[in-house]
Every structure is written in C-alpha cells, then in structure tokens.
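Peer 1: Start from chain A and add chain B according to the hints.
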Amino acid sequence: MKAAFLIVLGLGLCAITLMTPIKDYDIFVPQGWPDPRYNFRNNPLSNEGFELGRSLFYDPILSKDSTVSCASCHLQFTAFAHVDHPTSHGVDSRVGKRNAPGLMNLAWYPFFHWDGGALNLDGQALNPITHPDEMGSDLGTVLYKLKRQKEYVAAFKKVFGTEDIKTQHLLKALAQFTVSLVTCNSKYDRMKRKEAEFSEQEKKGYALFQQHCNQCHQEPLFTNFEFKANGIGVNTALVDSGRTNISGKEKDAFLFRVPTLRNVEYSFPYMHDGRFNKLKEVVGHYAQPADWNFPISSELQKKKYLLNSDQQKDLLAFLKTLTDKGFLFNPLFGYSSLVK
Amino acid sequence: MHKLRFLLVFLSSMHLVLAQVTVALRNQGFPLTLNHWYAQPNGDSVFLSEFKFYLVLPSDSTFLVDASEPASLHLPYFSIDDETVLLRIGMDSSMNTCGRLDGAYDPLLGMYWAWNTGYTQLKCKGIYQIAGKHIPFEYHLGGYKYPYATSLQKWIRLEQNTLGIQLDSLLTHLPVLDQPRMMLPGPMARTLFVRFTEGFQ
Numbered sequence: 064m065k066a067a068f069l070i071v072l073g074l075g076l077c078a079i080t081l082m083t084p085i086k087d088y089d090i091f092v093p094q095g096w097p098d099p100r101y102n103f104r105n106n107p108l109s110n111e112g113f114e115l116g117r118s119l120f121y122d123p124i125l126s127k128d129s130t131v132s133c134a135s136c137h138l139q140f141t142a143f144a145h146v147d148h149p150t151s152h153g154v155d156s157r158v159g160k161r162n163a164p165g166l167m168n169l170a171w172y173p174f175f176h177w178d179g180g181a182l183n184l185d186g187q188a189l190n191p192i193t194h195p196d197e198m199g200s201d202l203g204t205v206l207y208k209l210k211r212q213k214e215y216v217a218a219f220k221k222v223f224g225t226e227d228i229k230t231q232h233l234l235k236a237l238a239q240f241t242v243s244l245v246t247c248n249s250k251y252d253r254m255k256r257k258e259a260e261f262s263e264q265e266k267k268g269y270a271l272f273q274q275h276c277n278q279c280h281q282e283p284l285f286t287n288f289e290f291k292a293n294g295i296g297v298n299t300a301l302v303d304s305g306r307t308n309i310s311g312k313e314k315d316a317f318l319f320r321v322p323t324l325r326n327v328e329y330s331f332p333y334m335h336d337g338r339f340n341k342l343k344e345v346v347g348h349y350a351q352p353a354d355w356n357f358p359i360s361s362e363l364q365k366k367k368y369l370l371n372s373d374q375q376k377d378l379l380a381f382l383k384t385l386t387d388k389g390f391l392f393n394p395l396f397g398y399s400s401l402v403k
Numbered sequence: 032m033h034k035l036r037f038l039l040v041f042l043s044s045m046h047l048v049l050a051q052v053t054v055a056l057r058n059q060g061f062p063l064t065l066n067h068w069y070a071q072p073n074g075d076s077v078f079l080s081e082f083k084f085y086l087v088l089p090s091d092s093t094f095l096v097d098a099s100e101p102a103s104l105h106l107p108y109f110s111i112d113d114e115t116v117l118l119r120i121g122m123d124s125s126m127n128t129c130g131r132l133d134g135a136y137d138p139l140l141g142m143y144w145a146w147n148t149g150y151t152q153l154k155c156k157g158i159y160q161i162a163g164k165h166i167p168f169e170y171h172l173g174g175y176k177y178p179y180a181t182s183l184q185k186w187i188r189l190e191q192n193t194l195g196i197q198l199d200s201l202l203t204h205l206p207v208l209d210q211p212r213m214m215l216p217g218p219m220a221r222t223l224f225v226r227f228t229e230g231f232q
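Chains A and B supply the protein sequences, listed in that same order.
Per this note's numbering, numbering through the first sequence is continuous, rising by one, with the last residue being 403.
Per this note's numbering, numbering through the second sequence is continuous, rising by one, with the last residue being 232.
Worth flagging that the hints you see were computed from the coordinates, not collected in a lab.
Glycine included, C-beta positions come from ideal geometry on N, C-alpha and C.
Watch out, some of these pointers could steer you wrong.
Label-pair ranges, simulated between beta-carbon atoms [unchecked claim]:
#, chain 1, residue 1, chain 2, residue 2, range
1, A, Thr299, B, Trp186, 44 to 54 angstroms
2, B, Arg131, A, Lys343, 25 to 35 angstroms
3, A, Leu395, B, Trp186, 48 to 58 angstroms
Bound conformation, chain A alone:
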C-alpha cells in the first residue's frame, strides 16, 4: 500500500515499470540512478505523513508573523525555486543573501544549501524557519501555534502517534513532503529509456554538454555535489564567501555547490546570487571564457572553451530537454491545507 502510494505520488509520472524497487527504501529508484542517501528507516514515508508535510510546506504558520511559507520561496512551477528576485525575501520584506535553490531529488543529496551547511534533510528546514531574513520564527513559537490547530494536532497524532508535537515531528513531516519531490520524467529521461528521441539540435547540444559541462553537472542528477567557483566573480554587494563559512578553510572561499540542471529552464534566476535571469545568459557566460572573473575552479580554467552562437543554441535546446512538466505541474505537489 505504501509502495503503491509512493509510486503514484512521490514519483509522479515516472515510468513505473522501469524503476528498480530497492529493499529498505520507501521510494523507488529510477533505473540507472544511484542509491538514495536519505535514511528512510528514520522517517518511514506514509500517505498521511506526506499530506501533513505538504500542508506545512504551504502554511505560513511556520513564520513569525504567519506571512511567509516554505512555498513563498519554493514555488512548484519553477521547480520549487524562487522567481522574480535575485535573492529571496522573507518576513518584514527582509532580503536574504542567496537565491533560493530548487527542491528536487533531495533523497540523493549529501548536503543542502549553497554552502553545504546542512547535512540532513530533516534538520535543514530549521534554517529557513529560524533565519531572520526568511521566516524569522523560533521553534517554540511554531510548535505552540501548531498545537493550537486541532487539524494539525490530529494529523500529527495520525502520523507520529502523539498529540504532543515535538521538533522532530515537525521536521520529519516536512521532510516526508520534500523528499518525495522526485523528478525523473523529462524528455532526457525518456530518451534514456528509449521512449523518446532527441531532435538533431538536441543531440548536438547533448554532445556539447557531455564535452563541456558533464564533469560538474554529472548525470543522472546533473550535479556532482561539489563546491566550485564558475568565474562569475565575487558579488561585492552581498559579501558572501560561500563554502568557507562552513569549512573554515581559505581554499573554499567563494565556492558554492554545483546546482542540478534538472528543470533548469524553469528555475530562474540563476547562480547563488540570482544574477542571471535568462538561461541564455548562463550559457553565454560559460561560452565566453575571456569574460570570466576570479575565482575559477580548475575544471573551467583548463577548458577555456568558446562556444559560437549556434553551439549555444544547441546547448540550450538540450538543457530544455531536462524539463519535467509532469513534476512542475503535478497537482499532488501543489497547494494543500489540512486546516479548513
């Protein structure tokens, strides 16, 4: 029953027959994908848990003045990223330092945030809930507010067997929703499964991608989960030194996590500081090494490639094959509220 629910709900329109069920996991793993890293044994998924997490995700009750929800910065139709703003804004119209990243395939992530500061998906949500530039709340207040809503008390009891809502219940419920946001049915995926064919332009773009981009944006997740500097230069207005804030190592200064390219057509703006609004600007940046600024990771320094205008169009055509509309517009991931 649980597996049936997750096939339909968690994986949306992915081709069920071509996925490999793995024992001890609560989700099905698309064929050819690595094992998920999320520890499902600590948080077994259920219909009720997913629905509770979904309701919490869309509920501004988590913010200090009940104005900002997770979905305020993570909109489904933009692959759960934040459009229109280079960096996200939270309570009291405070503006943060970073572009809210898309939320996809999180079960495979070894860490979270642009700087890799959060190592567990369950604990990750604490940061936006308590950050003064995001939801600006505190756990005690959030738990108090939830306990005053009879619908939430009943839902938590159903999922965790207790009406005494604790931190771990709140965070695990949220994770039940976010870990279920699996996208694996783009044209690229269907091409890999031999259910679709690339156009000539997409084929050329894929070849360019494999030649120039795949080292960091490794298939099938389209990221190698490393921290890199891509030559966009330091944003002096934000003074964000990236990974070094977490590692304390000078060599990590201004490095940021390589983001996934899945649904990249919809997850604008781009880069950790949201400086590029259009995907063609991103491709244009990588196509012009002469314009790169310090710092630059060694992979890019070695390449120094130029892409002409046609090649850039080909690459863009390929990147658009990573769009999974069945994920972006799946009503099962959309707004929901347990509170009537």
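Peer 2: Frame of chain A; chain B shown alone:
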C-alpha cells in the same frame, strides 16, 4: 524490580555501582549561581547569565547540563567503577551529524546550529568587568572536525557521586577584549573548550 536487582548483583560482581551523579559547577571555590557577580583573582569580575553544555554518559546517552535548570544537574543513573567514570565532554562528530532531533538533540534546546549541521557544545553568556568597564560576551563553542573538535573523553574521579567542575580556568581567561562573541568553530573555540574540560576533576 527483579531486573533492577539482577542488574545490581551483576554490576557488583563487576565492581561497578549504579549511581546518580550530581553536577557541581564551581567558580573560585563557590557554587556557580547564574546572574551573580564573581570576583576573579586577577581583579576582574564575571557575571554569567547562561551556561550549558553537553555530556555523553557511559551509557552513550547524550545529556544537556543547563545551569538554569536545577533538574539537569542530576545526571541519569549510570554505572561507575570505584568512583571513577569515563565521560565524553561534548558530542563527537557522529553524534553531531546523526540527524537525531529528539531528546537532548532537540533543536528547541537552543544548541543546534541551523546554518551548519551540528551542535554548540558549550554556551556561555554574561558580562565581564575589566578595568571598570562592562563587556558583554557570548560564546557558542562547537565544531566536530579535526583539529578544532570540541569533544574530549576523560576519566573523571567523583567525590560522593558528585561531578565537580571548576570554571576558574575558563572564566579567568575569557578573551572578551579581542573576541567578545564567538559563534564559529575554530582554534579559539577549541582552546576555550579545552580550558573548560580542564575543570573536570
């Protein structure tokens, strides 16, 4: 009841005793009281408004001692051998990153670092009076990576089931002039944490 009796017999055969240990925080020979001024031997004075830290007990359970919560000064029962016990002061790296969010790991206790997975192992906040000037300070000492890990295992001798912790060394050398706030792992956080562990008798 039978189980407890069996356990006690078993432990006594191993020369182990099940005990409830009480934590006694002291500064300059006096019991530590929050929101109270203490004269330091160098002529300065210190006032603590917050003081809490993690211990890992022999049973491998993690426990938060909070000077503002008298109940937290009584550790859960564990076995000791001839008034000595091996304690870990501060969680190790696996405890920091295990993803547990319940009990002593509950972020509600205010020790979790949301921006960087892991926990503050010692929180110490107050005011330092130096040359007639009041300097507020706040130290969140944590970090689990070598060489700045704030976790240390130590054999400790108890006195009548009391774990005495002298804060003299830590509180006399707080770097309030150079660094009145410390929120990140690093060499100074490690140094202060080690000074704290030196106070375990």
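Peer 1: A separate judgement is required for each hint: does it hold in the structure or not?
Peer 2: Outcome of the hint check:
1. Distance hint check: the CB atoms of Thr299 of chain A and Trp186 of chain B are about 52 angstroms apart, consistent with the given range 44 to 54 angstroms.
2. For the pair Arg131 of chain B and Lys343 of chain A, the supplied restraint of 25 to 35 angstroms is violated, since their beta-carbon distance comes to about 45 angstroms.
3. Between Leu395 of chain A and Trp186 of chain B, the C-beta spacing of about 56 angstroms keeps the proposed range 48 to 58 angstroms intact.
Checked against the numbered hints listed earlier, the structure breaks hint 2 alone; every other hint is satisfied.
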